[in-house]
Structure formats: structure tokens, C-alpha cells
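K.L.:
In case you want the letters, here they are:
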Amino acid sequence: MTSKVRAVFGMPKRLNRSFTVSLMLFALLGVFGSFMVLPLIYAFNNAFKPLDELFIFPPRFWVNNPTTENFADLINLMGNSWVPLSRYIANTLLITILGTAGHILLASAAAYPLAKYRFPGSKVLFTIVILSLMFSPHVTAIPNYMVMSWLGWINTHASIIVPSLAFSLGLFLMKQFMEQIPDALLEAAKIDGANEYRIFWSIVMPNVKPAWLTLMILQFPALWGTDGGSFIYSENLKTLHYALSQIVQGGIARAGVGAAVALLLMIVPITLFIISQSSVMQTMATSGMKE
Amino acid sequence: MQAKITKTAAAPAVHTRQVGWWSLLKRDLYLSRHYYVLMAPFMLIFFLFTVIPVGISLGLSFFHFNMLELPRFVGWQNYSRLFLNDDVFLIALKNTLLFAVITGPVSYIACFLFAWIINELSPKIRAVMTLVFYAPSISGNVFFIWLIIFSGDSYGYMNGFLMRLGVVLEPIQWLADEKYVLAIVIIVQLWLSLGTSFLAFIAGLQTIDRSLVEAGTVDGIKNRWQELWYITLPSMRPQLMFGAVMQITASFAVAEISIALAGFPSVNYAAHTVVTHLMDFGTIRFEMGYASAIATVLFALMLGTNVLTQKMLRKIGE
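In order, the protein sequence lines correspond to chains A and B. First residue of the first sequence? That's 2 in the working numbering, and the numbers climb one at a time after it. First residue of the second sequence? That's 6 in the working numbering, and the numbers climb one at a time after it.
Read the hints as simulated data drawn from the structure, not as lab findings. Since this is a predicted model, take the numbers as computed values, not measurements. All residues carry an ideal CB built from backbone N, CA and C; glycine is no exception. Where hints are given, some of them may not hold.
[Stated by the list, open to error] Below 30 Å or equal to it, Euclidean Cα-Cα: the simulated DSSO-like pairs (lysine-lysine) are:
hint	chain 1	residue 1	chain 2	residue 2
1	B	LYS31	A	LYS191
2	B	LYS31	B	LYS99
3	B	LYS31	A	LYS210
4	B	LYS31	A	LYS124
5	A	LYS191	A	LYS210
6	A	LYS124	B	LYS316
7	A	LYS124	B	LYS184
8	A	LYS191	A	LYS124
9	B	LYS184	A	LYS291
10	B	LYS99	B	LYS320
11	A	LYS124	A	LYS210
12	A	LYS124	A	LYS291
13	A	LYS124	B	LYS320
14	A	LYS210	A	LYS291
[Said to hold, decoys possible] Simulated coverage check for chain B against chain A, where a stretch passes if three residues somewhere in it have a Cβ under 8 Å from a Cβ of chain A:
hint	stretch
15	60 to 67
16	288 to 298
Pulled out of the complex, with its shape left as it was, chain B reads as follows:
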């Protein structure tokens, strides 16, 4: 795609006289007017509901604002309160980082590993296995099935199963016990997390040039692991980047599952995350400035992790 069709690139050669920077830009803008018209509806909505809100959120994080009184500037006070005086936030931060460290890499590797194995199957079985792994992430909000599995009475499947085996004698309150609740939310999150990046990996694997593998064999690649490291992974770097962005974002934003399974707030905040903390202050207590500070911290976390991960991915296959 190097050769873009550009009206603008070819045109300046005609003008031999020195033309001002501003008039050049004006001409470019005029020549591209149709492109702006085509983009306008999407960009208008995108800016209104995504870009501007991020700006508002950043700005509001320096104010005290409760939707009733006028915003009052407080400087860094929201942030200092967040990190120094809010014990619950520290629990939420710890849980979110735990989610990010466990579900992020595990689901990312799982997406790749399963896509890689599935890729070896014949097209029909491949299609079925793709559906099996992708279905949970699109099956709507059916994760309440897990509520029945981990139900606290003896009708819950996990309890029924363990009691029949004789491992436990009486039902365990899975979702009301802080010992188990975080682990269960992590399991369900993993179950749901094979989404867009999984599809991208399967599709990416399909596009790898078979002749590269043959050439590699001539050059002394002996087994599938060497093929994976020296040929498959480097060929898939663009998809791996895309998948990383999707998985990182999802693993930092765990909230609905925690609320659905563990309740809001969960027992002793055992499954509290940064996003549930944000909801607590934003939609229940109406402390908008403080909630915006939480959102800003979350945004910084996601962005920072993405940048770090992309740097690491560049080293693959070197």
C-alpha cells in the first residue's frame, strides 16, 4: 500500500512559484473536502462520546464536583486522597493489577495457543473448534450460569459435585467467602476472554506463507517449536500487537463479572476493582471529580501497559 492515490501529491509540481504554507494547506483542505464529509458523521459521534469525555474526565479530576454545586478547583487533592486516604481504592488497585497480571497474559497466551493448535486441524473441525472457544465471549451475559455452578447451597453444581465425592461435608458459600470469590471471578473472566484477539490469531495463522516454512526446513528447522519461534511468531507480529491491545484493555476493565458474581460491593471488597470503585463514586455517591481521578488513573494504567507490551512484542523471534 505504499502507492496511495493522492491528488495532492502530484499537484504541487505544476506550481513553480514559491507558494505559502498556508495557501498550500488551504488547497489540500479544499481538495480533500469530500473525505471530511465522508468522515464527519463517525468522527462527530466519536469525538462527542469518546474523545471529549476523556478530556472532560482529565479536567474534572482536579475539581470537586457533585453535579449540584459548581465545580471547585482542588488541584491534586483527589489524587492524594486516592492514594493516601482511600484504603478501598488500594484493595481495588491490588485486585485490578492481579486481574491484569493473571488474566491478561494467561488469556493472551491461551488465545494464541488454542488458535495455533486449531490451525493444524482440517477446515471443518477448525470451524467447530473456533466456535467452541469463541462462543462464551459472544453468548451475551450468560455468565450467570456460573452463579448456578457456584451457588452457595447444596443445589450448586460445584457443591453437589464435591459433596458427592466426599471432599466437603457441607456446602461452601463460594461467592460470599473472600477466600474463593476473587479466584472464581478470575476463572469466569478467563472463560469469557477468548474474543476478538483469538479470531485475529486464527485468521493471522491462516495467512502465513507455507513456502516460508518449507524454506525454514531447508535451513534446518527441526520441530514445531522452532518453527513457532522463528517463523510463525514473527510473521504474526501485527496480529500479536492487535491482540495485546484488546486483551490488556479487557483485563483492566473487569467489572460486570465481578458485580454479577460477587455482588456490589463484594464481601469485604474481595472482588472490588478499579472500575467498580469508579462506579461506586460516580453513580452512587456522585463525587464526579473523585471518580474522574479514578478514571484517569485507570486510563494511565491501560496506556502504560500497552506501550510496555508493544515494546516487548517487538523482540519476538530475534
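If we strip away everything but chain A, and leave its shape as in the complex, we get:
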């Protein structure tokens, strides 16, 4: 009996395991797992509900007659609006792609010396990075605004993209991951006459691909979900998330379209995580902080 259930769950045989406790723990996992996932399944269902099902009483969880009407409405609605939907999507893509790619490049370049060499200031710089993990961006929101306006970047995409390039969590994870690269590999390249930039670009970078994906999965959802904060005012510079919040405020008539945009916003980061999961795990294994 025990071994049959083990086979169903695919549990490997382990030492020191009481079967009853295992079952109780898995039941716990199931209960909380459904608490985590049901709202997302609900959002998915909602996007395919026709209008009469969205406002049925008592409310239903599952969709009965799925329809893609909401997506068609979304395209029609946004096609007729002053700023077309494609503009919001293009803005969001620009911010997300530049912000993520630039962050991976800059954080890797900064992490390589910190991971592999000791030089004047390296310890201090890394300590500052660790300290900055310990406070949220809200602390600096106001001076940030002043710096932005001093640079003249208010109402440009640069105000969102540039600060996101230097995200201290990314540098930290990249540095921890790079420490695993064998020193012998770098020395060999040095003997072959490669300079530091060459070593970084041709040896270190290809070796930390799993960490690229991790930085991407951490940075992407934040940028993908950005609403422009307090920096973007022009309608034609705004992002998809901003468009969503406008639609959601539209009330009953727009409820179907709102559900469709919600699905759109949600599905992209989740898909990315599914694709990159094993690489992410490989990087996070090195994420520990030594005392």
C-alpha cells in the first residue's frame, strides 16, 4: 500500500520517513497550493467568459460557454481609442527588453571582478550592494524623482529603463554564481593572451547563461507590470499595465475586456518562468549569504 502511493506521488524512497506524516504534509501542500493557484485559474476562466456569465448570480468559478469575444472586443476597443493598443504593447516591450537585456549585461560586467578578484574598494562596494538589498526602492522614491528631473528624464522611457539596469539583487546573484567558475579556466585564457574584457565576454558570459535567465525572470515581471510610476505622463508613452488599469476602471461594460488584458499581462511572465525554471534553480542554489 505504502509503496503504491509512493509510486503515484513519484516519491523516492528516503531514510527516516514516516508515511503518515508524509501524507499529512502533502495534504497541507495541496490545500495551500489550491489557495495559491485558484485565483490564477479564475483569472484565466474569466477571460473566456461571455458577458452574461461574468455577471451571473451567484457567481460561478468555471466558464460554461467559453468565447474569445473578449479578446476581439479588446482589439476593437483599443483600435478605436486615441492611442492604439499596439502603442502600449510596443512601449511595454521596449521598456522590458532594453531594461532586462541591459541589466543582464551591466550586472554581469560588474559581478565578474567582484566574484573573481580582490582590488581596492571591492569589499566596500560589495557591502554596499548587500546593504541595498535590505531596503525597498520606496526609501529613495523622492530623491529619485529629483535626480530624474535634474537629468531632464521626466516623461521619457529612460526614467524607467536606466534605473532598472542597476538592480542590486541581480548583481548579487550573478556574483555568487560566477564564483563557481573554475579559476583555472580564467588563468588558461590569460596565458593564451586574452585581456580582461575578452575573458569576460568569451569565457565568463557563456558560462553564466543559467544566471542570465534568472536575472531575466526577476527583472522581466517588474518591468512588464510597470505602470510608468510617477515619471511618465504622455498618453502615447504609457504602458500596457496603465492601459489595463484604465480599462478596469471602465466598470461593467469593460469587464470582459479587462479580464482579457489581465490574462495577457499574467501569462507572459508565467510562460517565461516555465521555460527557464531549471536554469533559475541552478542559479538560486548559489544565492546564499555567507556570514
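Here the structure of chain A is known, so what remains is to put chain B in place on it, guided by the hints.
P.N.:
Showing chain B alone in chain A's frame:
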């Protein structure tokens, strides 16, 4: 990683003559020039948008500044006003501490507990369960789903469900009633909070040496709880530290969810937090000096809690 490749460490042996401290440093700086170039772009942006703003914020907290007139030095006045004359701040502080005390430890323990259970599953199911628990934190700003669930009319799922059960007869205004609003924000915050540290824990558990467990069994470890305390937790101390930093910071910074669910400001400030208070003074009233004092208090709270927690984590498995 003890053996760092350092050009600088090997070189001084060549010089037998006494060399000045300054010229040594100059040489070190010269030899490391490529490293500084590699780090420059990141560090420039990092300092410009993170480190310097913290400094500005600290400094500004001693000034009266409204973006129009020149800053005027007021000493500790912002702080004394904050703690002595600002009742709303005290509510915000109380709520934030409540968030930190409830969501911080609960989500931290939940991250570990679920990671620990998931670790026992086969690789395929493990991947699915990881996604289930991690998805809410990356699914963008879909927490407005909870607005529909806790909607104040009978179309809200919670109301519809309770009315069908006959627990309540008429819909409850969940998000407009100060009795419920804070609890709901806490629930949603917990739902969102299984993020980076959760991943770090799952990954960390995977790296634990199986032979340690076998050796432990020989030494008399009888059940999974003993294994957890004597082997698993001590082996994961670096990940536990990292997770603590991430969870503490997140639990002190609750704001977006409070604003999305409870509105800004919330009913009778029931879901007001230090960060929403900061936004109120910073972006609405333009009292920059005062807002900076709030930011400084928040910064001190986060830093202090982190230091305390790290001290506590060092005692694990002793």
C-alpha cells in the same frame, strides 16, 4: 574560493625596498584598472539612483523643503513632528509593524515549509508545485482578482459564497470596512509573498549532501524533524540568510497592495502603511523634508530588523 587570482598579491614580493603605502595603492589601482572599467556602468547607475538618493534622503530629513522654496534647516523638527504630532503616522507605523510581524515570519516559514515538502516530490511534480507557489508573485499586478473576490456587492465571490451558505444575509463591504480591510490586505500580501526566497530555498535544499543524512542516520537521527533541525537547516544557513533579507524588506514595504485593495487613503487609514504615508507627503503634499524623515525611519526599521534576524539565524541547529 579561497584562492583568488590576484596579480596584486604576488607582485609585492619582488620589491624588497620599503615602498610607501600610497605608491602601493596607486599600483594596485593601476593594475585593477580593467576591473573598474567593467564595473563602471553598473556602479554609476547604482550610485546615481540608489546610494546617492539614500544620502539625499537622510540629509533632506533635517530640512523643510517643498520643491518651490530653498530648503530651510529645521534640525530634528521633522522627526519630532512625526512621532509626537502625527497621529496618522502612528497608525501607519502600527500597521506596518503588524505587517512585518505577521507577513514577515509567516511568509518566511511558509517559503521554507513548502520548499521542504516540495523537495520530497519527484522532479516533475516538484517543477509543477514550484510553479504553483511561485506564479502569484510574478503574475504581474493581477492582485485585482482579489478585488472581484472581495467585492462589496453580492456579485463578489466571498459575499456570494457566504450568502449561499446562509452565513450572512446581505453583502459585506469587505474593503470599505475597517474591521476587515487590514486582514484582507495581509492575506493577499501572503499570497504574493512566495518569491525569490522560496526559489532560493528549493534550490538550496537540492544541494544538500545526501551522505550527510546517511551519516546522521548512523549517528542516531530517527525522524524527519531531527533531520530538519540537525542537518537540513544548518546546511541551508546561507540561503536562510538571503531569504530573510528578501522577506523582511518586502514585508516592510507593503503599499501597492494596500492602495489597490483598500484605496488611498483607506477607510479611516485602516490599511495605511509607512510607505503610503511616505507617498502621501512626498507625491501629494510635496513636503519633501518630512517625507524624507519618513523614508529614513523606514530605512532604519528595515536595517535594524535585518541585523536582529541575522543574529537569530546564526543560532539555528546549535
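K.L.:
Mind checking, does the stretch 60 to 67 of chain B have 3 or more residues with a CB under 8 Å from chain A?
P.N.:
Contact hint for the stretch 60 to 67 of chain B vs chain A: holds, 3 residues under 8 Å.
K.L.:
Between the alpha carbons of LYS124/A and LYS210/A, is the straight-line distance 30 Å or under?
P.N.:
holds (25 Å)
K.L.:
Decide if the proposed pair is consistent with the structure: LYS31/B and LYS124/A, CA atoms, cutoff 30 Å inclusive.
P.N.:
Since the Cα atoms of LYS31/B and LYS124/A sit roughly 17 Å apart, the hinted pair holds (cutoff 30 Å).
K.L.:
Is it true that the CA of LYS99/B sits at most 30 Å from the CA of LYS320/B?
P.N.:
holds (29 Å)
K.L.:
Mind checking the alpha carbons of LYS31/B and LYS210/A for me, to see if they're no more than 30 Å apart?
P.N.:
violated (35 Å)
K.L.:
Tell me if the straight-line CA distance from LYS191/A to LYS210/A falls inside 30 Å.
P.N.:
Distance of about 22 Å is within 30 Å: holds.
K.L.:
Is LYS31/B within 30 Å of LYS99/B, Cα to Cα?
P.N.:
violated (52 Å)
K.L.:
For the pair supplied as a hint, LYS124/A and LYS316/B, confirm whether the alpha-carbon distance does not exceed 30 Å.
P.N.:
holds (21 Å)
K.L.:
If you draw a straight line from the CA of LYS210/A to the CA of LYS291/A, is it 30 Å or shorter?
P.N.:
Distance of about 24 Å is within 30 Å: holds.
K.L.:
Given the hint that LYS124/A pairs with LYS184/B, does the C-alpha gap stay at or below 30 Å?
P.N.:
Violated - the C-alpha atoms of LYS184/B and LYS124/A are around 49 Å apart, more than 30 Å.
K.L.:
Check whether the Cα positions of LYS184/B and LYS291/A lie no farther apart than 30 Å.
P.N.:
violated (43 Å)
K.L.:
Taking 30 Å as the top limit, are the C-alpha atoms of LYS31/B and LYS191/A close enough?
P.N.:
Between LYS31/B and LYS191/A the Cα gap is close to 23 Å, so the pair holds against 30 Å.
The earlier numbered hints that this structure contradicts are 2, 3, 7, 9.
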